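A.B. asks: Top to bottom, those sequences are chains A and B. Under our numbering, the residues of the first sequence are numbered 1 to 116, in order. Under our numbering, the residues of the second sequence are numbered 1 to 277, in order.
The set of hints was computed from the structure by calculation and includes no laboratory data. Treat the numbers as computed from the prediction; the structure is a model and nothing was measured. Treat the hints loosely; a few may be bogus.
What the hints assert, rightly or not - Computed from the model, here is a short list of chain A residues facing chain B with C-beta under 8 Å:
(1) Pro44
(2) Lys75
(3) Gly111
Stated by the list, open to error - Negatives, chain B to chain A, calculated, CB over 10 Å:
(4) Ala72
(5) Leu154
(6) Gly169
(7) Val181
(8) Arg213
(9) Arg265
What the hints assert, rightly or not - Some but not every residue of chain B turned toward chain A, in silico, with C-beta under 8 Å:
(10) Thr141
(11) Ser144
(12) Arg240
The C-beta atom is built at its ideal place from N, Cα and C for all residues, glycine as well.
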Amino acid sequence: MEVETGNMMHAVVLAIALAALGVASVPARAQEFNLVIRNHKFEPEEIRVPAGKRVSIYVSNEDATPEEFDSAALKVEKIIPGKSKGLVRIGPLDPGRYEFMGEFHADTAKGVVVAE
Amino acid sequence: MLGALIIVFREVLEAGLIIGIVLAATRGAPGRGNWIAAGVLAGVAGAAIMALFAEAIADAFEGAGQELLNAAVLGAAVVMLMWHNAWMARHGRELAAEMTAVGTAVTTGERPMTALAVVVGLAVLREGSEVVLFLYGVVATGTSASALLIGGMLGLAAGAAFTALTYYGLISIPARHIFAVTTVLIALLAAGMAAQAVQFLDAAGMIHVLGQRLWDSSGWLPQDGVAGRLLHTLVGYTDRPTELQLVAYLGTLAAMAVLSWLLGRPIAPVRERTALR
């Protein structure tokens, strides 16, 4: 099979073929960030991450109650039970601001991921 | 109370739209009420169990347990919906003919009620476990139980009303067209679920291909708005889809179309018809 470098079509076809095979092709070495939920608020409320890369955010919920890390922008819905940690995988992101919230306490639990 | 109302309503609405479509798609099937009720009850029980083990689920598979479970639940629902449509491709015309003739379809064989009951159960399971966890959190913070109960009940009632609206809207479609409409709705429902499922696999770190965002329509039709949410549940609308999501969406639609075409070809129409009598 001849693959012309820089040829979008080939890349796309190859990628679809890989997806069809269900192959986790690229071993992702994601950069890690930490986030704490305390008193139904995120700390910090802003995280700066590199654009174009996969990123892992460890969300530690120090409250006794469960929270749902929710963001349509980041395409994440994840429940973090009380007094426990959850791993949220995001990206690769285009540069920009991506808001997230704690769905169970949407009035206080707000934050933003800034990709740059 | 308002918080409980909104969250319960939102989740009940999502499951309710699916139940409404399933009810319309099974119009005239004997015993369908029992099947669907069984699906709802099993879903509620499953949601409680899932909420109880939320922490264990979250910790499983190196922190990806929740995503994998969601993907599995959605994947199973997609298969069930495919089964239903494949069955309808074979028998839908006879059903519609009977419906037109006598108002109900009572004689045409066994319909795949198990498949649709499972779909209902899985929908309730997914949305219900969020409700259970949310309500548990509210109780734990000390909000009065009565305010919570009222909010929850109002949310449930509003969601149920919407389910009824969906159902009655759909069954007002003339009998000879209704199964054509529900088949299309179910295909879109399945495609949307498949697109969600691959996103969960991506979030679980299982898939690393085609993660590029295709477009961003959140400016004019945000997915977390009212219309966006409805469209998300009904046809799988996503305001920032990835390439993989589009592939899964179109792939599911194509697979269902091919399956229906294969099964819908009149193999021995005469014999089938006489066998029914």
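A.B. asks: In ascending order, which of the hints set out earlier in this document are inconsistent with the structure?
C.D. replies: 1, 3, 8 and 11
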